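J.: Put together the whole structure using the sequences plus the hints.
In short: position in the sequence shown from 1, add 10, done, that's our numbering.
Honestly, the hints are just simulated from the structure, not real lab data. Fair warning: this is a prediction, and the values are worked out from it, not measured in the lab. All C-beta atoms in this analysis are idealised placements derived from N, C-alpha and C, irrespective of residue type, glycine included. Be careful, since some hints might not be right.
[Unchecked claim] Here are the simulated distance ranges between beta carbons: (1) ALA127 - ALA234: 22 to 32 Å; (2) GLU240 - PRO161: 29 to 39 Å; (3) ARG236 - LEU202: 33 to 43 Å; (4) GLN178 - SER248: 21 to 31 Å; (5) THR75 - GLN255: 26 to 36 Å; (6) THR137 - GLN224: 18 to 28 Å; (7) GLY89 - ARG37: 25 to 35 Å; (8) SER248 - ARG176: 52 to 62 Å; (9) GLY91 - ARG250: 53 to 63 Å; (10) ASN218 - PRO149: 16 to 26 Å; (11) ALA228 - ILE90: 44 to 54 Å; (12) GLY252 - PRO134: 16 to 26 Å.
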Amino acid sequence: MKTRRWLLPAAAVLLALAAAVATLPARWLLLAIPADAPVIPVDASGTIWNGQAQLAVGPPGMRRTLPDAVAWSWHWVQGIGPAAHVVHPWLAAPVEIAPGLGGARLGQGKLTLPAGALTAAGAPLNTIDPGGQLAVAWPALDLGDLPSKGPLLQLTWSNASSALVRVQPLGDYQAALAADGAGGMDLRVQTLRGALRVEGHGQGRNGNWHFDGQARPAPDTDTATRDALEPLLSMLGSYRNGVSQLRFP
Numbered sequence: 011m012k013t014r015r016w017l018l019p020a021a022a023v024l025l026a027l028a029a030a031v032a033t034l035p036a037r038w039l040l041l042a043i044p045a046d047a048p049v050i051p052v053d054a055s056g057t058i059w060n061g062q063a064q065l066a067v068g069p070p071g072m073r074r075t076l077p078d079a080v081a082w083s084w085h086w087v088q089g090i091g092p093a094a095h096v097v098h099p100w101l102a103a104p105v106e107i108a109p110g111l112g113g114a115r116l117g118q119g120k121l122t123l124p125a126g127a128l129t130a131a132g133a134p135l136n137t138i139d140p141g142g143q144l145a146v147a148w149p150a151l152d153l154g155d156l157p158s159k160g161p162l163l164q165l166t167w168s169n170a171s172s173a174l175v176r177v178q179p180l181g182d183y184q185a186a187l188a189a190d191g192a193g194g195m196d197l198r199v200q201t202l203r204g205a206l207r208v209e210g211h212g213q214g215r216n217g218n219w220h221f222d223g224q225a226r227p228a229p230d231t232d233t234a235t236r237d238a239l240e241p242l243l244s245m246l247g248s249y250r251n252g253v254s255q256l257r258f259p
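T.: What follows is the structure, given as structure tokens:
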């Protein structure tokens, strides 16, 4: 009898907690994101279970707010459990994000956005005032336990342009990020087509990155195009004999 007497109050408390959690305001997300995160919500409405938020990208002091809000709703996914169904105009299809003990699991996805968003990354991209279209694609990933080897991210920059030069477009470029199988990451940049050739290779390990590459006019470009590309090439890196060395750090 004593146990039964506590059942009703306990059930009432549980229901009250469930109701409170279900109506937690979405703006609480602002408190959960580190201030130095590369992507942060700057305004949110609805609840943490079904809401939307404006996002800002870039380092502190140089962030740009994206024009469209990201929306989410939670549901149950067979074989996975609870997951957030994330929608944004830049996403080719909704993306599922599922929490786990080791970290969130990110569903496969593709994002298309204007190249102007690159300015949020700071120099030199904010100086060249980039134009064109970006496409970012990734496989399904466990963010708490990334694969030891294999592709992680691919970025394609189509019809790339810069306000610094009259050559329009400069070309199409692709960057591929992959786990290298030895505890690090491998970054390769290549030119798909265009008057400006950019090639490079980078490696990252324990948070430290090194990148070495070159930018130069394509072999078949005429003299006028080469001259037009010079201001951009001289700004990108150490410039000599028509070649800009791209090194980081």
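J.: All hints, please: hold or fail.
T.: Here's how the hints hold up against the structure:
Roughly 31 Å separates the CB atoms of ALA127 and ALA234, a value that falls within the hinted 22 to 32 Å. The given range of 29 to 39 Å is respected by GLU240 and PRO161, whose C-beta atoms sit roughly 35 Å from each other. Taken as a hint, the range 33 to 43 Å is violated for the pair ARG236 and LEU202, whose Cβ atoms sit roughly 20 Å apart. At about 26 Å, the beta-carbon gap between GLN178 and SER248 stays in the expected band of 21 to 31 Å.
One distance hint, 26 to 36 Å for the beta-carbon pair THR75 and GLN255, holds here, with the actual separation near 35 Å. Between THR137 and GLN224 the Cβ separation comes to about 19 Å, which falls inside the hinted range of 18 to 28 Å. As the Cβ distance of GLY89 to ARG37 is approximately 32 Å, the hint placing it in 25 to 35 Å holds. Judged by the Cβ atoms, the range 52 to 62 Å given for SER248 and ARG176 is violated: they are separated by roughly 24 Å.
Distance hint for GLY91 and ARG250: a CB-CB separation of about 57 Å, consistent with the stated range 53 to 63 Å. Checked against the hint of 16 to 26 Å, the pair ASN218 and PRO149 passes, with Cβ atoms roughly 25 Å apart. A hinted range of 44 to 54 Å for the beta carbons of ALA228 and ILE90 is consistent with their spacing of about 46 Å. A hinted range of 16 to 26 Å for the beta carbons of GLY252 and PRO134 is consistent with their spacing of about 18 Å.
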